[in-house]
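S.K.: With the sequences and hints as input, model every part of the structure.
In terms of the UniProt record's numbering, the sequence shown opens at residue 1 and continues consecutively.
Not one of these hints is a red herring.
With a Cα cut of at most 16 Å, we get these calculated EDC-like pairs of lysine to aspartate or glutamate: (1) K67 to D41; (2) K254 to D182; (3) K353 to E408; (4) K461 to D490; (5) K130 to E249; (6) K461 to E450; (7) K461 to E384; (8) K109 to E84; (9) K72 to D41.
Pairwise CB distance ranges (calculated): (10) P178 to G406: 33 to 43 Å; (11) S103 to L431: 37 to 47 Å; (12) E84 to R349: 51 to 61 Å; (13) L80 to G49: 19 to 29 Å; (14) P323 to C437: 24 to 34 Å; (15) E84 to S476: 52 to 62 Å; (16) S417 to L149: 53 to 63 Å; (17) R247 to S46: 30 to 40 Å; (18) K50 to R349: 41 to 51 Å.
Derived from the structure by calculation, the hints contain no laboratory data.
Ideal Cβ placement from N, Cα and C applies to all residues, glycine included.
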Amino acid sequence: MGQSSSSCSCNNGHEIYRPVIIGKNSGDVDGDDDLTLSLPDECLGSVFGKLGCLDRNSCSLVCKRWKCVDSKSRNRLVLLARSELSPCLPSLLSRFNTVSVLSLKCSRKLFSIDDAALSRIPIFLPFLKKLKLKGCIHISDDGLHAFSLHHPPLLTKLSFASCGFGAKGLNSLLSNCPSLQDLTLKRLRKLDATSSTPASSLWPGALNVDGGDVINDHHNNINGVFAGDAIKKEKDVHNYCYKRSLRLERLCLKDLHNARLFIPLILSASASIKTLIVCRSSGNWDRVLETSLHGKTTSISEIQMENVQMGDAGLLAISSSCPDLQLLYLSRTTDCTDDGLSAIANYCRKLRKLHIDAWSRFGSRTIGDGGVFSIANKCSQLQEVVLMGIPIAIPSLNALASNCPGLERMALCNTDSVQDSEMAFIAAKFLALKKLCIKNCPNVSKSGIEAVGRGCPNLVKLKVKRCKGVTQAMVSRLRFQRSSLVVSLDAGSMLFDSGGISLLSTAVNEEEQGTATPMANTNGTRSAAAASTTVAATHVICSSRGALLLRSKFESALHLGRRRRPTEDNAS
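M.R.: So this is what it looks like as structure tokens:
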């Protein structure tokens, strides 16, 4: 590469690079061979930042200067945290001592790094801001406690997934990391197993004797047991909470169990938390939200609840405690109805984004058109609406169009109620709309899409997925008529027969052009039966990525079946 060795010295604490360039001929010195000599180290580090991982690692082997610049300019480091890494981790981190984001990943089937290696990380990385551990099952509570005793001053984000520690280690981190703002917990099985005193486990300072006694009394109050002076101690609990309040701004809980375990954590962080994400975590979250948010005015602006047991009681707790709520994401919450969404509409007037994936358990009530109508009438700052499985009607669309003038993004999915008339209404009334997605709406035909193309003057992107009445030819005409509009069509349907596989979009194009290409059979000849493929074929509806996956799977199965047929014929 025309590079050569270079030397590095130090003057008054600053590193000065004195490159020695060896020319093409032995003994000659020529500075034209290394064009990076005219670049400052900061510019060279920026160039390295544009490279991929493998290319950057290769560049660090070119010369000493490049190695030094690469070490000083790295901000993010991802390591395979197997047990073999433990002895060499200190030397590796001392080389990249300016790293601010460290990710340690390991398979749960392998031995990961130990507590000693984890405890030394703050020593070598003084600028560490984010730490992510995944699959490190051999890191225990003692390792987290030793790590937290260094009190990393800049550590703001922690993410743990499939690790082997429990509540004791997390409590040490919450108590000793003063700058912690973002906490993500995923699939912590040892934490799920903590069931003796779950309310006291995550409370900051709960390891102390006095704190533990207070939390145990609070746990009894949660279960409705008020004996003796329990009411007086309940006041002590809240006072203790405010004294030891956390500075968490974002809390993400995924694939965890025992929801009441997190009541003290949410309670102590309620004064500062802004984003709460709960996904696939079992337990009664109505009770958690009622206990954690009751009687308080929080600064929460984003709440995402996905696949959890929560109903109108939880939505009422959110509405009364989160007046600054701007994003509400409800996906397959079990017991939410229009009544709970109406409470959100009455008290959360600053709502800007609404995402609802309606789902009912055993055919019970769920969120419907009435809840959307309430939101449209009360929340005039809406900018984005995603409705999945909700039978929305024209009155609700009219309320959205008239009361939400800043609505720019809308998606209507998985519903039979959206037809061509609703599409024509959207085209005529939603003047500020910029992005529109119509997915799995079988009653939408090409006339409805054409109406949207003629209306919605500010529309820049239209996405149509799994709508059987919309054809590729119509989309092509719409692209020709309105060149500034980006139209995305995902038919997501494939045709399968005994002779081969083809995408539905190809068959649709040929059908509209008046020609049909019959599929070839296994012998490579065309047959009359193959010409009626589009009639006898099996349609599999899926997304484009899933279509490619299914296509490869079925093609492999068909080729395997073709190879077996001659063998069976010869055997017979």
